[in-house]
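Please model the complete structure; the sequences and the hints are all you need to start from.
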Amino acid sequence: MMKGLLIKDFRLMKTQKNFFLIIIAIAVFMSIASSDSSFVIGFLGCIGSIFTLSSISYDEFDNGNAFLFSLPITRKTYVLEKYSFGLIVACTSWLFGTVINMIFSLFKNTATLNEILLTALLVLPIIILLLSVMIPFQLKFGGEKGRIAILGAVGIVAVIGVIIVKIADLLHIDLEALLNNLTTLSIGMILIIALLASLLIMLLSIRISISIMKKKDF
Amino acid sequence: MMLKIEHLQKKYDKFTLNCSLEIGPGYVTGLIGQNGAGKSTTFKAILGLISFDSGTISILGKDLRDFKAKDKQKLGVVLSDSGFSGYLTIKDIIPVLDSLYDEFDKSFFLKQIQRFQLPIDKKIKDFSTGMKVKLKVLVAISHNAKLLILDEPTAGLDVIARDELLEMLREFMEQNEDHSILISSHISSDLETLCDDIYMIHDGEILVHEDTDVLLSSYALLKVDENQYAKLDKQYILRSKNESYGYSCLTNQKQFYIDNYPEIAIEKGSIDELITMMIRGDK
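Same order as they appear, the protein sequences are chains A and B. For the first sequence, my numbering gives the first residue as 1443, with consecutive numbering after it. For the second sequence, my numbering gives the first residue as 3, with consecutive numbering after it.
Just so you know, these hints were derived from the structure itself, not from any lab. A few of these clues could be false.
Stated by the list, open to error - Simulated pairs of lysine-lysine, DSS-like, Cα-Cα distance not exceeding 25 Å:
(1) 236(B) - 256(B)
(2) 1657(A) - 16(B)
(3) 70(B) - 1518(A)
(4) 1445(A) - 127(B)
(5) 1658(A) - 64(B)
(6) 64(B) - 127(B)
(7) 1657(A) - 64(B)
(8) 1658(A) - 76(B)
(9) 93(B) - 1456(A)
(10) 1456(A) - 1445(A)
(11) 125(B) - 1445(A)
(12) 72(B) - 1656(A)
(13) 236(B) - 1658(A)
(14) 70(B) - 1582(A)
(15) 1445(A) - 108(B)
(16) 70(B) - 1658(A)
(17) 93(B) - 125(B)
(18) 1656(A) - 64(B)
(19) 1518(A) - 76(B)
Spelled out as C-alpha cells, the structure:
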C-alpha cells in the first residue's frame, strides 16, 4: 500500500523538476566558485528533505486528504510513507552532493577523500534530525503555518543553544575544552553515536506524527 | 446489510447531525438534501474521515472500528470536493491505483478512459468538471468494489455528462446483483431514475425515507382554497403551506384524496417539489 503512495509522491515531485534542476545548477555553480565545496553535501541534503514537506502540502491542497484517506491506506501507513519518502529523497540528494563534492575536489585538489567522507557522514545525522523535526510540524500545522512553525522551532533551538553557552559561561565550564575532549574519542565512535541518536529521535518523531494524524478530521 | 448507520451523532457549533440509514445489497440509495444539510458529514463519518460523538456505523458487515485498510478495497469512493492531486495525470495515477488496489482492473480502466475520451497526459486540474467526475467514478468502479459511496457526483454536470455518469453507475449495478450504491445530491431529479429508495435529510435530520416508486406514485400536492381546506380530512397531510389561492398540502396517500375529494386539484409534483414542501411547509 505504501508503494502506491510513494509512486504518487514521486510523480508529484516530477512536476517540480524545474525547481530541482535550478537547485542542482546552484550547487554546481557554487562548487565552481568556492574553494571549499563540502557545503554542497549539506546544501543538497537539506533541500532534498524539503521535498517531503512539499509533498504533504500537495496532499492537503484542495482538500485532497479527504479522498486520500478514503483509499485503502491507514493513517500510520501514510506517516511511514512520508518518512520513507523524505529519507529516500534526502539521502539521494545527499549522495549526489557527496559525488559532486568528490568530483570538484579531484579537480581542485582541495580535500582528501577521507575528509569528504567524514563531512558526508556528519551531515547524515543532521538530515535525519531535520526530517524528524520538520515532518511532525508540517503534519500538525500544514502548509504555510507549518513552515512558520518550523522556522519558530529552529529559532527556539538556536535560543536554547545560546542559553546553554551563556549558562556554561556563568558556571565557568569550558565548552570548547569539552568538545575537544570529545574529539579525542575516535571519530568513528562519534559518528556512530550521532547516527544512532538521530535515528532514535526519528523513531520518536514518527510516533508523534502518527498520533497527530490519528487525531485529525478531514 | 451493506451499510447500516444507527443514531449517528456529530455536533458542531451550530449544527448537529442525527442520522440513521441503511442500504441493502443490490440497492441504490439516494441521500437528498440542500447544501449544509449533513450529507457530506454523514459520508465522512462512514469513511472514517471524522470522529463522531455517538451512534454506530457498520459497513460491509463490520463495525467501523474493525473496518481496516484491507476492507476499504471493497469500497469505491467519490467525494465532491476532493480527489487525486490536480497536478497528476491519468498516466500518473494508474500505477498508484495498481499498487493500492489488489484487484485493480487496468484493462477495464483504460477501456473506459478511451470510451469517455479522457486525456491521459493532461493534468487533472485542467479537466472540465464533467471529465473530472467521470475520472473519479471510473477510479471508484475499477477495482471490484462492492459498495460505492458517491458524494454529489452530479453537481455541476450538464445533462449529457450526467446521463453518461448515471449510465456508468447502472453498468456497475448490472455487474453483480449484490453491488450497492449510496449517492447524494442536492437535486433529486438527478437521482430519481437511478435510486431504489431515497432518504431526505435537512438540518442534520432524516425527514423522509421512502422507495422512489412510492414517492413518485403516492406522494402528491393538493391545491385547495380556504373552503376546501377547512373541510379536508387532514390525517394523511404531511405538510401544508399558505398560498395566494389558499393552501398547498403535501400528502403521502394520493389515492385517498383522489377517491374522496374528486373536486380537488391534485398535482403529482416532482421529488424536488416534495422536498421543498417538507422543508418549507408547516406540520
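Hints versus structure:
1. Proximity of residue 236(B) to residue 256(B) is assessed by CA-CA distance (about 12 Å); at most 25 Å being required, the pair is judged to hold.
2. At most 25 Å may separate the alpha-carbon atoms for a hinted pair to count; residue 1657(A) and residue 16(B) meet this at roughly 22 Å.
3. Distance restraint check for residue 70(B) and residue 1518(A): the Cα-Cα separation of roughly 12 Å lies within the 25 Å cut-off, and the hinted pair is therefore satisfied.
4. This hinted pair checks out: residue 1445(A) and residue 127(B) have alpha carbons roughly 24 Å apart, not beyond 25 Å.
5. Using a Cα cut-off of 25 Å, the hinted pair residue 1658(A) and residue 64(B) holds, with the two alpha carbons roughly 23 Å apart.
6. The suggested pairing of residue 64(B) with residue 127(B) is violated, with an alpha-carbon distance near 36 Å, which exceeds 25 Å.
7. Between residue 1657(A) and residue 64(B) the CA atoms are separated by roughly 22 Å; this keeps the pair inside 25 Å, and the hint holds.
8. For the hint pairing residue 1658(A) with residue 76(B), the CA-to-CA distance comes to about 24 Å; that is within 25 Å, so the pair holds.
9. Annotation: proposed proximity of residue 93(B) to residue 1456(A) holds, straight-line Cα distance about 13 Å (limit 25 Å).
10. Distance restraint check for residue 1456(A) and residue 1445(A): the Cα-Cα separation of roughly 16 Å lies within the 25 Å cut-off, and the hinted pair is therefore satisfied.
11. About 22 Å separates the Cα atoms of residue 125(B) and residue 1445(A), which keeps this hinted pair within 25 Å; it holds.
12. At most 25 Å may separate the alpha-carbon atoms for a hinted pair to count; residue 72(B) and residue 1656(A) meet this at roughly 18 Å.
13. Between residue 236(B) and residue 1658(A) the CA atoms are separated by roughly 49 Å; this puts the pair beyond 25 Å, and the hint is violated.
14. Proposed proximity of residue 70(B) and residue 1582(A) is supported: the alpha carbons are some 24 Å apart, at most 25 Å.
15. At most 25 Å may separate the alpha-carbon atoms for a hinted pair to count; residue 1445(A) and residue 108(B) meet this at roughly 17 Å.
16. Annotation: proposed proximity of residue 70(B) to residue 1658(A) holds, straight-line Cα distance about 17 Å (limit 25 Å).
17. Proposed proximity of residue 93(B) and residue 125(B) is supported: the alpha carbons are some 9 Å apart, at most 25 Å.
18. Taken as a hint, the residue 1656(A) and residue 64(B) pair is honoured in the structure, with Cα atoms around 20 Å apart against an allowance of 25 Å.
19. Of the pairs offered as hints, the one joining residue 1518(A) and residue 76(B) holds, with about 20 Å between alpha carbons and a cut-off of 25 Å not exceeded.
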